[in-house]
Amino acid sequence: DAGVTQTPRHEVAEKGQTIILKCEPVSGHNDLFWYRQTKIQGLELLSYFRSKSLMEDGGAFKDRFKAEMLNSSFSTLKIQPTEPKDSAVYLCASSLGGGAEVFFGKGTRLTVV
Amino acid sequence: GDSVTQTEGLVTLTEGLPVMLNCTYQTIYSNPFLFWYVQHLNESPRLLLKSFTDNKRTEHQGFHATLHKSSSSFHLQKSSAQLSDSALYYCALHNQGKLIFGQGTKLSIKP
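Top line first, the protein sequences correspond to chains B and S.
Residues 692 to 804 in our numbering are what the first sequence spells out, letter by letter.
Residues 71 to 181 in our numbering are what the second sequence spells out, letter by letter.
Only chain B is shown next, with the shape it has when bound in the complex (with noise of 0.2 Å):
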């Protein structure tokens, strides 16, 4: 059974683009999350989804983050326009919900210049 999938593994973009970047959860699994992962702050929660519907959408992360889960199986981290800050790696999550595990992907990073 394939495990979580992000693409791509690798992004540079330059201050003020747009990026996208794609996520493939577990198949079957009800929730999907979108995490920021960094030195400093550790993982921080970006975007939840359960069952499709947007359950959080991360705070202070709402202005220039926006996450989508097209179908089931696909949801987009879309982040516009890019700041220097933004450099961190993106890790998206699926779980069958309910406290059950949650697996990782391997992350996308995203260094921003």
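No lab work stands behind these hints, which were simulated from the structure alone.
None of these values were measured; they are calculated from a predicted model.
All the pointers check out, no bait thrown in.
To list a few chain B residues with every Cβ distance to chain S over 10 Å, as calculated:
1) Val703
2) Glu705
3) Thr802
4) Val803
With a straight-line cut-off of 20 Å between C-alpha atoms, the simulated SDA-like cross-links for lysine to any residue are:
5) B:Lys797 / S:Gln109
6) B:Lys730 / S:Leu80
7) B:Lys753 / B:Ile711
8) S:Lys176 / B:Ile731
9) B:Lys797 / S:Leu158
10) B:Lys797 / S:Arg116
11) B:Lys730 / S:Thr75
12) B:Lys743 / B:His720
13) B:Lys730 / S:Asn92
14) S:Lys120 / B:Gly788
15) B:Lys769 / B:Thr729
16) S:Lys176 / S:Asn112
17) B:Lys797 / S:Lys176
18) B:Lys797 / S:Val108
19) B:Lys730 / S:Gln173
20) B:Lys730 / S:Leu158
21) S:Lys120 / S:Gln147
22) B:Lys757 / B:Leu745
23) B:Lys730 / S:Lys176
24) B:Lys776 / S:Gln173
25) B:Lys797 / S:Glu113
26) S:Lys120 / B:Glu792
27) B:Lys730 / S:Val81
28) S:Lys176 / B:Gly733
29) S:Lys126 / B:Gly790
30) S:Lys176 / B:Val780
31) B:Lys730 / S:Val108
32) S:Lys176 / S:Thr84
33) B:Lys753 / B:Lys776
34) B:Lys797 / S:Ser156
35) B:Lys797 / S:Ser114
36) B:Lys797 / S:Asn112
37) S:Lys120 / S:Asp72
38) B:Lys797 / B:Gly694
39) B:Lys743 / S:Gly167
40) B:Lys713 / S:Glu113
Backbone N, C-alpha and C fix where the C-beta goes; we use that ideal spot for every residue, glycine too.
Using the hints provided, position chain S relative to the given structure of chain B.
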């Protein structure tokens, strides 16, 4: 709001010594569900162990933790560290369907 605190950013130990990584949490819910995730270099985080039962020890891969609601703690322990335990460890609280993570503790084991 709910939160998780890991007080140590970096723990450095010699191989063979015991490991204890601290985790405390705050939540309004009376039945919290706590997790430990481990992330090795160049890998993604994966579940190490979890618990929602008060005062019951849970074990996996040589590590153990006990949820203590009285002190809002879920410390991770291992009796004898191995070089392969070097990794980043996250404590997490399940909250309304999502996980709230602590800031993580980097565990570095030296020979």
